[in-house]
Every structure is written in C-alpha cells, then in structure tokens.
Amino acid sequence: SQNQTVSGIIENLLQQADSGQCLQVLKAFSADWELACTDRFACHVTQTLLLTSWKYCPNTESSSLSEDDTGEQICEELLGLYGTAMSQLAVWMQHMYASHIVRALLEVLGGSKISENVIRIRLSRMRAKGQGICARIHCQGISVTSIIFHNNCFYRVYL
44 SQNQTVSGII ENLLQQADSG QCLQVLKAFS ADWELACTDR FACHVTQTLL
94 LTSWKYCPNT ESSSLSEDDT GEQICEELLG LYGTAMSQLA VWMQHMYASH
144 IVRALLEVLG GSKISENVIR IRLSRMRAKG QGICARIHCQ GISVTSIIFH
194 NNCFYRVYL
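If you count by the working numbering, then the sequence shown holds residues 44 to 202, one letter each, in order.
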C-alpha cells in the first residue's frame, strides 16, 4: 500500500470488508506498524482500516460479532498498534502522517467519532469539497489583499 493508486483501491475495499478481511489486513500491517503509519500512502489505508475494523470488536455499540473469535483477534491487533503508537508517541505526534493515525487510534479506543469540522482546518475542508476560499488582509489601512484558493491554486489579488 505504498503506492498511491493501490492505496486508494485498498481504502475503498476496506470500507466494504467483513471482519475476516479486516483481520487479514491488520495482521499483514502488524508486521511493520512503523511503515504502515508513517508512509505517505499507507497511513491512509491504516487510518481507514482502524475506522473500519473497530466495529467488529466485542462490546462496541455497533458491534457486528462473528461466530468465531475474529472480533477478539481484531482487538488484539488494535492493541498491538496501540502499544507501538505509545512507544513512539513523542515522534508520531509530530510526524506528518503518523499523527493522523494517533488521532484515529484514540478515536477508536475512546469509542467516540470526532466531527470533521474539528479534525480538519477550514482550508483543508474547502479543498476536499473543491470550493474556493477568499480571505481579506488589511495592511495598515492602505491596501487590501485577497488571497483566493481555487482549483488547488492560491491567487493573490491586490485591490
């Protein structure tokens, strides 16, 4: 999942995965949590995996228990990731990609979904929606500058 295209496909598949499939991916990633959480593309797959697989753990509100012990095994794998994250917490909190895994892990283990409005800054939310942003900056009352974000580009306009 270190490839952008493959990561996107895996993310889409994980959203439809059952408990056994989530467990298989968790076990594969557990061989190297460091890479799965710090790689530019793999971290997105790991985040999706966390947010998808937690629902199969026993004793969660939306628990979809299976007949076997798959749910228990998923919880064990998630706790393994938790152990790795805690041992690397000082580094991961400041890491561009791993910090999102820490947040998702806390969200999953805390059993609470955090609103996208809290997670993403306004610019990031607008980018995701493909909308433009216009911000006015007054410089000592003399000139007004507009910085416009549109179609993934910033434009500066002097008024």
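Simulated from the structure, these hints should not be mistaken for laboratory data.
Hints should not be assumed to be uniformly reliable.
[Unchecked claim] Keeping only pairs whose Cα atoms sit at most 16 Å apart, straight-line, the calculated EDC-like set for lysine to aspartate or glutamate is:
{"hint": "1", "residue 1": "98", "residue 2": "112"}
{"hint": "2", "residue 1": "70", "residue 2": "150"}
{"hint": "3", "residue 1": "98", "residue 2": "150"}
{"hint": "4", "residue 1": "98", "residue 2": "61"}
Computed from a prediction, not measured in an experiment: that's the story for all the values here.
Verification of the hints:
1. With a C-alpha separation of about 14 Å, the suggested pair residue 98 and residue 112 falls inside the 16 Å cut-off, and the hint holds.
2. Between residue 70 and residue 150 the CA atoms are separated by roughly 21 Å; this puts the pair beyond 16 Å, and the hint is violated.
3. Annotation: proposed proximity of residue 98 to residue 150 holds, straight-line Cα distance about 12 Å (limit 16 Å).
4. Among the hinted pairs, residue 98 with residue 61 is consistent with the structure: their alpha-carbon atoms are about 10 Å apart, no more than 16 Å.
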